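Let's have the full structure, built from the sequences with the hints guiding it.
Every position in the sequence shown, counted from 1, becomes a number in my numbering once 248 is added.
A portion of the hints provided could be inaccurate.
The calculated label-pair distances, taken between Cβ atoms and stated as ranges, are [claimed, not checked]: (1) Gln-339 - Gly-378: 23 to 33 Å; (2) Ala-315 - Cys-431: 46 to 56 Å; (3) Ser-419 - Ser-589: 38 to 48 Å; (4) Gly-443 - Arg-679: 43 to 53 Å.
Source of the hints: derived by calculation from the structure; they are not laboratory data. It should be emphasised that the depicted structure is a prediction, and the values quoted were computed from it without experimental measurement. Ideal Cβ positions, reconstructed from N, Cα and C, are used throughout, including at glycine.
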Amino acid sequence: MWLLRETSSGKMAFASEGCATSCLPHRELPGRPPRDGRGKLLFKDGSYYEGDFVDGEITGEGCRLWALTGNTYTGQFVLGEPQGHGIMKYQAGGHYEGELFCGLREGHGCLVDADGQVYWGSFHDNKRHGRGRMVFRNGDEYEGNWVRDQRQGHGMLRLADGSTYEGQWHSGVFSGQGSMAHCSGVIYRGIWINGHPMAQATRIAILGPEVMDTAQGSSLMLTVQLQQDSGEVATSEDGRELEISAGIRYVQLPAYSEVSFFRVDDGLGQTPIQTPFGFQCISYPLSSPESEGPEPRAALESASTDSPLPEGDPGGPPAGKHEPRCPGSRRRAEQGCVQFSDVRLGPPPPGYHAILFLEGLHEVGSRPRGQDHRGMTPIAQGPPGGSRLDGVATAEPAAEAFPGEYVIMIRDVTTPPFLGHTLPTAFKHLRVLARGAGQQPHVPREDPEALS
249 MWLLRETSSG
259 KMAFASEGCA
269 TSCLPHRELP
279 GRPPRDGRGK
289 LLFKDGSYYE
299 GDFVDGEITG
309 EGCRLWALTG
319 NTYTGQFVLG
329 EPQGHGIMKY
339 QAGGHYEGEL
349 FCGLREGHGC
359 LVDADGQVYW
369 GSFHDNKRHG
379 RGRMVFRNGD
389 EYEGNWVRDQ
399 RQGHGMLRLA
409 DGSTYEGQWH
419 SGVFSGQGSM
429 AHCSGVIYRG
439 IWINGHPMAQ
449 ATRIAILGPE
459 VMDTAQGSSL
469 MLTVQLQQDS
479 GEVATSEDGR
489 ELEISAGIRY
499 VQLPAYSEVS
509 FFRVDDGLGQ
519 TPIQTPFGFQ
529 CISYPLSSPE
539 SEGPEPRAAL
549 ESASTDSPLP
559 EGDPGGPPAG
569 KHEPRCPGSR
579 RRAEQGCVQF
589 SDVRLGPPPP
599 GYHAILFLEG
609 LHEVGSRPRG
619 QDHRGMTPIA
629 QGPPGGSRLD
639 GVATAEPAAE
649 AFPGEYVIMI
659 RDVTTPPFLG
669 HTLPTAFKHL
679 RVLARGAGQQ
689 PHVPREDPEA
699 LS
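Written out as structure tokens, the structure is:
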């Protein structure tokens, strides 16, 4: 094997290792690299090449170290440059195994970067270019087209959370026609611009009049749309999960004094919910809408007609933790639309006590039933401890909701949120009227203890 050293003048000094000078072939002259065979070439900056020479050039199989970067290459050389198939190891971490041309990645190969991310596929001019597959550090996986190190063209992305996107890319982001199946169950098919769906939903709309009226004990059918900023239905979306719930007006005005109201036990810790109608509400239970789950319809009807469990009952909700829920309260949208059928307000839950507005105790026994109650002073809440107030009568437990002002709420409960964004809650003002056209509102029966 021959050893060549780069001198200060830049010329190569030639010497033998393990062999006398007389062993040189007659055609080789001292001070010149071997025309053919193996040798080691040392550079003055500490770099070296060790391997095959052909006609005095670094050509064939060999190993090269670059002292400046610490990178090493083992593989095929042509005229001093890595060319053909080989393995390049980078001092900063990672390596490349595959085809090279003039020292650059060119053709097919596998690149592992310093973060452990792996790319298999085509290269051009040292960049990922053409068809390739890459596994990212966070577990995401992309397979498709690349243009100069950017995902561009058609490709599929499989995210670590289970979401997938297949479609067009530009400059590394979704752009053009594409389809995403999100891990939450939402599917969007349509145009993407700069990584965002062009026709995605931005709000929830409950169709119908501004204020909906329904008779006491009746059911409702609600049609809900997912709408874009323009007001058009987001038909490109499927699978967003919506939940229906209800509330009852928290502050009553004299103009609505004929409407029943409730005193709520302090231990329930109800937090008022602000509505867009200028008043607050507190949560109120719904009976079971038509269920989509495996529960039989008969079981749901039975559950909706049962009387509420008393506080402290092991089978009922814990005191202070009443959360109105019902089977079938959630639906998934199809082409931007959801329908909730057979929506009914349930009876007042434990801790909600109906009260009657009275002008004075002296009128209780003399006022005919059915007299108009306008002008009476409403009482928002009973005193701590549940003690009685003059002019207030409590009601017996009811089997259905009393006439009054309620709120229907539709929430986006998609989990996890689609593309990290949850739609704002939609509200609908609901008035429950007494049974029968032209009849007086239902009045809770007066409690004798309240009048004693």
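Take the C-beta atom of Gln-339 and the C-beta atom of Gly-378, compute their distance, and say whether it sits inside 23 to 33 Å. The hinted range 23 to 33 Å holds for Gln-339 and Gly-378, with Cβ atoms some 27 Å apart.
If I claimed the Cβ atoms of Gly-443 and Arg-679 lie 43 to 53 Å apart, would that claim hold in this structure? Distance hint for Gly-443, Arg-679 holds at roughly 45 Å.
In this structure, is the beta-carbon distance linking Ala-315 and Cys-431 contained in 46 to 56 Å? Given a distance of about 49 Å, which is inside 46 to 56 Å, the answer is holds.
Return holds or violated for the Cβ distance of Ser-419 and Ser-589 against the range 38 to 48 Å. holds (46 Å)
Checked against the numbered hints listed earlier, the structure breaks none of them; every hint is satisfied.
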